[in-house]
Amino acid sequence: MDAHAAIHELTAAFAKGAALPLAVTEDYLARIGALDAKVGAYLTVTRDEALAAARASEARYRAGTPLSPLDGAPLAIKDVFCTAGVRTTCGSKILETFVPPYDATIVERLRKAGAVLLGKTNMDEFAMGSSTEHSAFHLTRNPWDLARVPGGSSGGSAAAVAGGLAAGGFGTDTGGSVRQPAAFCGIVGFKPTYGRVSRYGLIAFASSLDHVSPFALDIHDTALLLGAVAGHDPLDATSIDVPVPDYAAVLGAGVKGLRIGVPDEYFEAGLDPEIDRAVRAAVDVLRDLGATVEPVSLPTTSYGVATYYVVAPAEASSNLARYDGVKYGLRVPGKDLIDMVSRTRAAGFGAEVKRRIMLGTYALSAGYHDAYYGQAQKVRTLVRQDFERAFERVDVLAAPTTPGVAFRHGEKADPLAMYMNDVYTVPASMTGLPAVSVPCGFSDAGLPIGMQLIGRTLDEATLLRAAHAYEQATPWRARHPSLA
Amino acid sequence: MISRQDVEHVARLARLALTDAERERMREQLDGILAYIDTLRALDTSATEPTSHAVPLVNVMRDDENRPCLGQDAALANAPERSGAFFRVPKILEEGPGEPS
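Chains X and L, in that order, are what the protein sequence lines are. Mind the numbering: the first sequence is residues 1 to 484 in our numbering, read in order. Mind the numbering: the second sequence is residues 1 to 101 in our numbering, read in order.
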C-alpha cells in the first residue's frame, strides 16, 4: 500500500483481503526505521507490541470479525498519554523513566477498536510550546522542509502522519497544539468540544483547556478517529454525558444553505498575505458549493493570547506541583524535603516549563491574583460572548489556523514571539468550541497552509461535513512530502 | 516592573532552585511577558462574571463504593525511593527540644 493511504482505504483493503494488517504495520515500522532519524517524530517505537497487535488484527479479518473501521490502523500517539508498561515522558527529563501502570482512556478505546499503536511521539515538554523545540530529547523536523519546525506542541504526531510514518495519530490541543502542527504539516487536526473526549490518563497541562485531538490525512479518517474515542467516561468528571453521533455518516451531506461567518479580526495586520489569499479562496470554494458567507466580528480576538498566557500558566503551575521527586520520575537529593523538591524541579524541568510555572505562580500569588488571573477569567467570558453573538447568525466560522507558515528551527527564540503564533487558535481553546484545521493550499515556497473552521458547542458533525465538502472539492489531499 | 526579589519569592513558592543567571533571565523575560499581559487592563470587566471552565459542569457525583484500584506494588513501582509499603522522603521536621518524637 501507498505510504500516504488513508486509514479508511487501508481497512477497506484489509476487509477485502487486498492488503494484510501485519504487512502494512511492517511497512510502517520499516519506514520509521529508515526515515525517522531524519524527522525525529518518535520518542519510543513499540515495535513488538505493534507487530503483536497487527497479527491479532489480521486474525480477526481472516475470521471476518474486525472490531471497527480502525482495526489494523497504524497510529502514532503523543507521549503525553499514559500507556500501560510503555515509558511515557511528556517530553521531559523529569519523567524520562516513568512507566505508567495504566492506559489513558483514549488508548484503551483505540486498543478496543483494534488500532495498532506504533509508538509514542515527540512533543514540547509538558505540551508547552508551538514548535516541538522544547522537547527535552530531540528536535522534530517538518517533512515538507527539514529545516523547519513541524509546529507544536504535538509536532511528533503531526510529522509522523504527514511523513508517512503513521496512518493517523493523536495529540492534545490546549492553545492550538494540534490545529497549528496540522496546518504546518499539511494534514487535518481536529479539536473537539471540551469534554467530548475523556482526559483520563492524559498528563495534565492546563485542565480547563486540554483537549484530546486526532490528526488524520483526510476528514473521513478524522471522523473515524474522533468517533472511536469520543463519549462519556466516568473516570473524567469533566467529560460530557451526551450521545456521540456517527460522524462518518454525516460526510457527503454538502454545505448547501450552511451559513459561514468570516471574522474580520482574523485577517488583520500580522497575517501572512499568502495565507490571507489561500483562506479567502477556500471560503470562495465553500460559497461555490452552496454555503452563504458573511462577515462577522469577534472584537476581543486580539486579547486572546494575553488571556491564554495567564490562564494556562496558572493552571499549569498548580498541575505541575505534583512533580516533587516523591511518587515518580527524577529525584535529586537535598538536605531536607523542600531542598530535594526544589533541586529535583530545577534539574528536571526545561526553560519554557520553568518560565510558565513562574508566570502562573506569579499570576496566582497574593496581591496579583485579581489583576492577572481574575481579569483573565473575566476576559475569557468576553471571548465566549463574542462567539455566542456570532453563532446567532452563522453556523460555522472560517479563518486562518496560523498567522504564518512553518518557521525555521531557532527562528522564534523570544518566548513572546512564539506565543503570538497562537493568536488564531487560543479563542476556540478558551471557549471549548470544536475547531478543525484543514489543508487549504501551499505557499510559493511549497509550505502547507491550513484553514480553521470553528463550530458550535458539541456540533462536531457540522464541522466535519463542511471540511469534507471542501476537501472533496480541492486537490490538496493528493500532495505529499518526499522524505526518501 | 518585576524585581529580583519578586523572582526569588515566586521561585520559592514554586519550589524551583534557580541559578543566579536563570533568575536574571527569568526577570527580564517575565517583565516582557507581563507587560504584554497588562494590555488586558484596557478592557472594562466591571460587569463581567469570570469563566473558569468552557463547559459548566457542577457536582459530578458517583456512588461511594469500593472499586478496583492500583495495587501497592504498581503504585510504588515508579517511586525514586521506597521503604516497604511507603514512599521514602528526606526528613521534613527538625527534631528539637519539647517536640514529640
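The hints are simulated quantities; they were obtained by calculation from the structure and are not laboratory data. Mixed in with the good hints there might be a few duds.
With a cut-off of at most 25 Å between alpha-carbon atoms, the simulated DMTMM-like pairs for lysine to aspartate or glutamate come out as follows [stated by the list, open to error]: (1) Lys335(X) / Asp20(L); (2) Lys91(L) / Asp324(X); (3) Lys38(X) / Glu392(X); (4) Lys327(X) / Asp73(L); (5) Lys91(L) / Asp339(X); (6) Lys112(X) / Asp236(X).
Note that the structure is a prediction, hence the values are computed from the model and not measured.
Going through the hints against the structure:
{"no.": "1", "hint": "Lys335(X) / Asp20(L)", "in the structure": "holds, 20 Å"}
{"no.": "2", "hint": "Lys91(L) / Asp324(X)", "in the structure": "holds, 14 Å"}
{"no.": "3", "hint": "Lys38(X) / Glu392(X)", "in the structure": "violated, 48 Å"}
{"no.": "4", "hint": "Lys327(X) / Asp73(L)", "in the structure": "holds, 12 Å"}
{"no.": "5", "hint": "Lys91(L) / Asp339(X)", "in the structure": "holds, 11 Å"}
{"no.": "6", "hint": "Lys112(X) / Asp236(X)", "in the structure": "holds, 19 Å"}
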